[in-house]
Amino acid sequence: MFDSFLVRSDSLENVYDASGKAVGFKFGVRLSNYRGIYVSLVNDFYVCMDGEEFSTEDYCLELNGMPPRTMEELIKYPFEHWDLQDEAMLYVKKEGGLAPGMHSLDYLPSTMDAYGYQAHDDEWVVNPPKPGKGGGKQMRPCHFDLELQ
Amino acid sequence: MIKRGVSLYSYQQNEFFHTMTWKDELKEVANNLRGADGIEIISECTIPHYPMPPESFFFEWNNEIARWGLTPTTMDTYMDTLQFRDHVLTDAECAERLKYDIRLAKKMGFRNMRLCHNVPLKAVEIALPLAEELDIRLTNEVHAPSPIKPKRGVDWGETVARDIAFIQRTGTKHYGLQPDMGIFQNKPCRVMLAYALRAGLSKDDSFKAADEVLVKYDEIGEDREAFFAWGKEAYPDLFASRYASFMFRGASADPLDLYDIIPYIYCIHGKFYEMTEIPGKPGQYEDKSIMYPEVIGILADCGYDGYIDSEYEGQRSQQDMGYEGLPNEVEEVRRHHEMLSRLIAEADHKNKSKQ
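Residue numbers (our numbering), protein chains in the order written: chain F, 1 to 149; chain D, 1 to 355.
Hints were generated in silico from the structure; no laboratory data involved.
Mixed in with the good hints there might be a few duds.
[To be verified] With the C-beta cut set under 7 Å, the calculated list includes, among others, these residues of chain D facing chain F:
#1 L82
#2 Q83
#3 R85
#4 V88
#5 H117
[Said to hold, decoys possible] Chain D is faced by these chain F residues, among others (derived, beta-carbon under 8 Å):
#6 D3
#7 D121
#8 V125
Glycine residues also receive a C-beta, built at the ideal position from the N, C-alpha and C atoms.
Using the sequences and the accompanying hints, generate a full structural model.
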């Protein structure tokens, strides 16, 4: 769902630490569902930038006016809601950030919003699914060509 | 007579792009849908900052509903069993969520609250006294692949029978069914087919291929083995994909089975995917994949006088082609109400001439 629009095309920026060193990049992301979700249900992302794959520990999500939170921290907010209408910024750790110019992104979010009890519930408490292996409405990665100014 | 309404689910793409707010959607329903007055919502989508909206929202909601003379029909709710992530929601927690949503539905003037599939009856039973006290009717959605008559070996194959047994055991008037028209989908829908085909084809080619598959589907008819044999040859990727199993499965339920459950139906989801002009009938529309004429005929024959709420879902399969490829939700819903109002009037006329 919303395949072409899950990442905002003009949102790619580098992220810098206090000393001005680039420590990663970030871009604006939207939900691939029609209702919004509890923040605790954000599970994971598949991010492949210029052929380099990133993983769960590399991500932080900034939304609802809160500072960026790691995937592990997000789990602790079961009553906070990410509304369908809102964009979040996905931070990805990468030493040195990205060079200016065009970048190629493959992106797939994984969320655990559900239609009631499912056979995999107990399993997912212990072993949450990897992006594309269940969890969310979007099953195949979406491609984006993004420019870093 | 059958009443008409709209689930604001139909305008989800406009919500996503901020091109309509719930207020715009109410105005559209009130002014442009030939007298439709029912409003159904997706709780989490329409209610800002769900589950804890500002108090001012309820005032605004009830004000706008009154302003346009609309009737809140059903509030659709969900059950996120992994909300707490460190354990699966217990029955007691599940019941508390139901009770919370029942109170929200009451504050917004809804008549029904739709539960999603796989909410245990143990939890429903805990929440039921509150639903009865506040006069909110809980409905379980009968959604594809659920049949109406019990069917072993199918997902949700015996849910309707289970629900009717529950209603009879408790004697409640506050738990019932909400069939989704998707259970009467007897043909694959073109936009979903084309989406699946775009895994390997360009935009134009995907629609051409979808049309070819549909022609073949009609030609081959009942012989599903022959159809799959053709498909595996012509479009191997599509027929090997996870889409194939549900796109070509045929209708989940027979419209005639509605006669068995009429007293338990509190509302109906008017699911549809694509409204196209009927050849030779300018200004008249149909969804070729769903048996609307048959179903509306039967509902009218039974004297069903509840709502059918439009639930447009075709947008989801057309959001991978950039802005230019996006369908127009407002136009699709208007076409849907051309069809609904025409079919309801025809069925009503037929009934009266019988008497």
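Verification of the hints:
no.: 1; hint: L82; result: holds, 5 Å
no.: 2; hint: Q83; result: holds, 5 Å
no.: 3; hint: R85; result: holds, 5 Å
no.: 4; hint: V88; result: holds, 5 Å
no.: 5; hint: H117; result: holds, 5 Å
no.: 6; hint: D3; result: holds, 4 Å
no.: 7; hint: D121; result: holds, 5 Å
no.: 8; hint: V125; result: holds, 6 Å
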